[in-house]
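Got chain L; can you put chains U, F, D and V on it based on the hints?
One letter stands for each residue in the lines below.
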Amino acid sequence: MIPASWYLILSAVLFSLGVIGFLIKRSLITVFMSIELMLNAVNLSFVTFAHQWHSVKGQIFVFFVMMVAAAEAAVGLAIIIAIFRARATLNVDQVDLMKL
Amino acid sequence: MHLILFIIFAGFCLAGAINLLLQTHPINSALSLIVVMSSLAVLYLLLGAEFLAIAQIIVYAGAVMVLFTFVVMLLNVGEEEKTHGSKAAKIIGFPAIVAAFSVLTTVILAIQNKLGGVKLSDGVTPMTELSTVLFRDMLLPFELTSVLILVAILGAVALARKEGHR
Amino acid sequence: MSIWLFLLFSILKVAVVTAIFLGGVAYTVLLERKVVGRIQNRWGPSRVGPFGLWQPMVDGLKLFLKEDFIPAGVYRPLYLTAPLIALGCSLLSIAVVPFGSQDITVHGVKVFELADLNIGLLVLLGVTSMSIYGIALAGWSSNNKYSLLGSLRSSAQMISYELALGLSLVGVVLRTGSFSLADIVKAQSAHGALSWNILGGGQIIAFLIYITAAYAETNRAPFDLPEAETELVAGYHTEYSSMKFAMFFMAEYGNMITVSCVATLLFFGGWNSPFGHLFPEPQNIVIQALLALFWFIIKVFFFLFLYIWVRGTLPRFRYDQLMGFGWRYLLPIAMLNIVGTSLVLSALMANS
Amino acid sequence: MDNIILSLILVTPLIGALLIALLPDRRTLSAGVALVFALLTFAFTLHLPAHFDNAKLGFQFVQDIPWIASPNIHYHVGVDGLSLWLIVLTGLLAPIGVLASWNTIKDRPKVFYSLFLVQQTAMLGVFVSLDLMLYYGFWELSLLPMAILIAMYGRTLSENGGPNASLRFFLYTFIPSAPLLVAILWLYAKTHSFDFVALQDAISNGTFPAGALLWASLAFLIAFAVKVPVLGLHGWLPDVFQEAPIAGAMVVAGKLGLYSLIRFHVGLFPQQAVKAAPWMIALGAIGVIYGALQALVQKDFWKLLAYGTISSLSFCTLGIYGATLSGLDGAVYQTLNEGIIGAALFVLLGVLYDRASTSQISQYGGFATRTPMLATIFVIASLAMIGLPMLNGFIGEFLVLSSTFTGTSQAWAITATVGVILSAAYMLTLVQRVFYGQQSNLAIAHAPRDLDLREKFILYPLVTLMLIMGVFPNLFLTGIESGLRQTSGGLAYRAVSLCARPGATCGVQATFPVRGGQQ
Amino acid sequence: MNPQNMPDLIRILPEVVLTITGVLIMLFDAALPATNNRRSLGWLGAVGVTAALWSSLIQLNLPPGTAFYRTVQTDPFSVFFHVLICGIVLASILLSLDALPANQHHRGEYFALMVLGAVGMCLMTSAVELLVVFIALEISSISTYILAGFRKHTGTGPEAAIKYFLLGSFATGFLLYGVALTFGATGTTQINDIAAHIPAASSQLVLAAFALLMVGVLFKVSAAPFHVWTPDVYQGAPSPVVALMSTAPKAAAFALLIRLLYSSFPVLQPVWQPMLWIVAVLSMTVGNLAALRQKNVKRMLAYSSIAHAGYLLAAFAGLGINAIASASFYVAAYAAMNVGIFAVLSIAAGPDEKLSVIEDFRGFLFRAPLLGTLLIFFLASLIGIPFTAGFFGKFYSFATAIHGGAVWLGIIGLLNSGVAAAYYLGFAVKVAQPPAAGSAKLPAPELGVAVGLSLALATTATLVLGIAPTRFLSAAQSGATSFLPPVISDSVKPSTDVPDLSKVRWVR
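Residue numbers (the working numbering), protein chains in the order written: chain L, 1 to 100; chain U, 1 to 166; chain F, 1 to 352; chain D, 1 to 519; chain V, 1 to 508.
These aren't lab readings, by the way, just hints derived from the structure by calculation.
This one's a predicted model, so the numbers in the text were calculated from it and none came from an experiment.
Treat each hint with caution, since some may be false.
[Claimed, not checked] Simulated crosslink set (SDA-like; lysine to any residue; CA at most 25 Å straight-line): (1) Lys162/U to Ala34/V; (2) Lys110/F to Met127/U; (3) Lys190/D to Ala276/D; (4) Lys114/U to Gln204/V; (5) Lys145/F to Ala160/U.
Just chain L, same shape as in the assembly:
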């Protein structure tokens, strides 16, 4: 038996790594991957909690998150393709026609 908190900490670590990836990665597509990593980390939390509460709801949530992630991926990649067509680059720092 291992404590459920290990799973949760793993999830937190993965989530943080995802956030770090979001900040340091310089290619739009890897930035997007970092977001997927974050979602996966959250899913792990959900499953752990579902296990802990003996409730199926957590698992159902994960299932829906997957669906949403799939939909998001379709749209996100479509946008990435569009931007590549318009700008011929995926570098975050070069996609800056509008400066903050």
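Then chains U, F, D and V, alone, in the frame of chain L:
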């Protein structure tokens, strides 16, 4: 047994995630992410979520990430250029992440005893229970997903399609 | 039962199944060459051994001994991993396939199945979806435009047809109420061929969709665009030679066998005899097992033959036709099939 | 009639504005419609003095309709002696403004006249509102049309003069109104009422903590002081005078702010007003001098007029915070004067500007020979501004100065009196340099016309009014005084201030009702 | 199925109508010949949205209650937001009918996305199950991501889309983590049930969950410090889309925020009230100061929308249901004027958005008197000039805050609106300034029927909300009463004291 499996696959997860950050070529990052996702699937199995484990493989590793690699290949995205990123993001971002992470970890460790443990013998969530909740209690979100996917398809077509021919 | 015994049996089973499976792959190749030869009014391989039976061995030896050439400019790590992924997935998927009745056990270990999962069908789908990577990465890492085009085509094609494939299985699952392959077979055992899913289960449309989609999934004719010689040299494995090429080759034929097995299990009653209980069941458990294996192999053989037959007779699709067919016809029909099946099932349930 | 007359006054210009907006964009048409509606409004405002009962206590012509239940906002309007003449004045200035703009507004007259009429409604609304929210609404509403008018019809040729003046005007007034709103909301939070009378009650009953009340009163004070403008907060005025179209400029300063000071600062917060009074008196007295001195050195006559206005408005401040009844009377009277004289001077200078296309005083000279009528009226208006007896300016200034001298502070009164002398200096210098002396090149080159019919039509009534107000001040003062005594809290304020002074009797409170209210 | 014996479908009738409309649009889109200009689809969408609006009014006749196994709840609150969102979408569709460029690709998809996005937005306001909230949020977000990128031939269009998309998904990650922790702490994701379980839960976990949820939600409403996406997205997206996405998804997100705060985490009020205090002050200050420096009109309005989020959040410093009512009212007021101003901008700038900088609008009033007047009118409303929606919204919000004791918040807020007046008025003045002497005469923009309708809708709403807000106010207030205790929980009586939290008092 459980401990060994957990350590192995958690290790894979972490290694994959870190590798995702370190790799400069998108395709390598994508493959690292696939490793993370597949290892997560195993962890789900350990937690008794059999259906989710396989759904994770089918949906994430098998569909979403294929899409990613597909796009990387289609656009022939090269190595990431090492440009200086936004300084502000780093200066504010990293301490924030570290702080948030430590807070989360403290919280989790603080409630460790409440949470209990995970055993291999805990059993697997039966599919029937899963489907009861999914198709009865969660009927509305389930139906709603169809709208979501419809929107996504519409959008993907509208954005990715080259103009000039309808 | 001790865990060690379980491990021992499992390793044994894996070894046997892998050996048989690889042998099956080798002889499927021979079968194909022979049958296609006949279709094209020629002999096929006939020189090595009686009826050319040693031909696969010789082929294997040749591939093994050829120079393992790695072109310059390939992305090595992925170039090397890709064939492994392809073959690995192909071998993995056979693990959940039961070849015979579950009731036959030795020391509590089921003889005819490597892994008994109650979501076996989903695992199959999962492995299938992972197998795309082998091809996709192979094409991309080869740094060759034909390879890349082949692999792009292949990924797109596999994603597109995977949907129809998955949906075609839903009818069967609905009827059985389980994802376990063994359960699915059991549900078809009542009245012989009449209760098979393809007939009594009313899943003939699902079967047709399945078989079409499966051909596309395995990149076989008439959907073999990813490796269309006339357009793309050899598609994704243009740059591969020797054993690495052989791995792709083995993966493809391995997939064919798996697909045939699954078709047998899902639609043709698995190891059940088509005559049901017309004839009395033999009492001897060994004979029983062998009989089941016989029926199973016969059916799988039939599907392999069908594969080859189709390849020998049908022309190749054009790429847009391929995609159009998948999305515009196959997918909606598969959905209608699900709707129809569930309506009928609920009506039946309401009556009983 | 009596109970809807105020609504009628408010709605008439608005209807006019709408009508103009719907009609085609033609100069005479728009201006004509605007004139008709302005005159109509003026006619309605005349109803008020005709039926106003000087003897009656409290607000008259009251209309009180619940508007929004929560927060508790009422459409509550009413008039007392304080606001009575201000309303009439506003009504009078509207047709004059329209006439004054008749020829000068050529581009998009539709926008101009509709905004002008909306502005008219807003100003009238400020004078009649008895619900603080309603009041605040009109107060803010009066800003935007004016700002837009200044931006659209900036008079100088400089590229961004109009827009800059407009922005400055708006921000100067708008930003202080933020604390004002907070103060109003704070009052509301405690009492659940925006009603002027109810709040006056609540404040005098000590519902509020004194410390916070001081801050609230300060918020009121600053918001109004900017609008007057009191010295130190006058930064927007010269620019606006220089840029605003004449019809706008003549109404922008003075009466709104001064009225609000009396009604809502002094009236609501008598005790706090007493605390502020020394400062305000000082500012007022110094303002008189400062404005006059500034006016003396201006080269541009719009700016001269601006500083002159600051100077004469400072009299009003002085009068209000001098805390004597006659001082308040004088302040209100001076406010009316300022409206009339300022309007007249604006029109006159506008005529000059129209003839010679420059506002540099040095360019003028010897205009009197060519434009005798213009010169005459200009001199009369200037004398009124200076405060010559028999003209209206005298009454106001005299009341303020005398009451300050006797009731408040002799030193400040003397300071202010110096300002009066200075005002004579700058006004007469202006007259001298523009109309007399050697004929300038300008006068020769442009051969300026004398006043035409339209201009006479504008100016004669104003001059007449200056004379009437100078000769028969009681015609107006009775009403004003009754208003101040009875309703606006002015007396409560005076009572407080008297009590605050050592050795004073506090008996006044017993003689008059300390605060007004609907009996 | 549910206690009132009401067919569950009626409870989601507007969403059903919207979905059907969206699907119909797509079907007709496929059926129409390629050369068709597809205006009919827009009209179809408009009719569908109107029907949805009407059908959500029908829900008022129902007793408040839940449906679909307690995943949606219709009450006056949800109806208020349904009507609001449908109104916004209606105006945006009408606007798009005339403002889309003639060569716009995928018109059918465009309208379908607007209508289907509305499904998500509407459902967000009535969902009481975090799962439904999540999916509805994704529907609304994804459709707006796509719409933001519709000018894909320009460089900025896809850039806006990708920035919106990445940052939006990033925020969704946080929101989801918050949901996960909430689930972990309480064992439920039913919004109304959470409150009852909080006392038994670990307070640290609840706090962490709440913080993460807030990050996600505040991101969606573009409150500082989670606002960085707003300017770029507004600038790059087509103006008609900005009209939609600056208002409708925000309205939905605010509805969600209100539900979370008052249904799920009322116990944490001592925590969230000061937190929102800070966020409100930060939002308005950052938004206004940044807006002052902008030259691009859409960027300026983007920053101003951040500031407006701040004004709105100020309402939460107020007490009880008044805070909800004033926040709801502010959302409506902001929606009315912002849709209006973007409607004017998109017509003024034309389909190619030629006029982008404030300087470009010089003399616009002289060029197009009606549009110019409307532009100034909406700007006046944004400033908060009385007798416009903006004034009353701001007034009500700050009145509530001050009533709740947050006098400083009121002062800061109103001073901020003074600062804001500077740039709004700067723009208005530019519009009113006579055109430069040598400037080329641009033709006056044309005003179509559809856009006229949309402008009329926005103008009327802005005026009515400013002059006769009583009806809307009482609607908002009756919506707010949905949060009175009996509805909050029907299973377990919520206890209101969490010992270690109630002591927390930061700023007041």
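Legend entry - Restraint status (C-alpha distance of Lys114/U to Gln204/V at most 25 Å): The hint holds at about 12 Å.
Legend entry - Restraint status (C-alpha distance of Lys110/F to Met127/U at most 25 Å): holds (23 Å)
Legend entry - Distance restraint between Lys145/F and Ala160/U, which requires alpha-carbon spacing of 25 Å or less: holds (22 Å)
Inset, instruction - Mind checking the alpha carbons of Lys190/D and Ala276/D for me, to see if they're no more than 25 Å apart? - result: The given pair, whose Cα atoms are some 24 Å apart, holds under the 25 Å limit.
Inset, instruction - Starting from Lys162/U, check that the Cα of Ala34/V is at most 25 Å away, please. - result: holds (15 Å)
Checked against the numbered hints given earlier, the structure satisfies every one of them.
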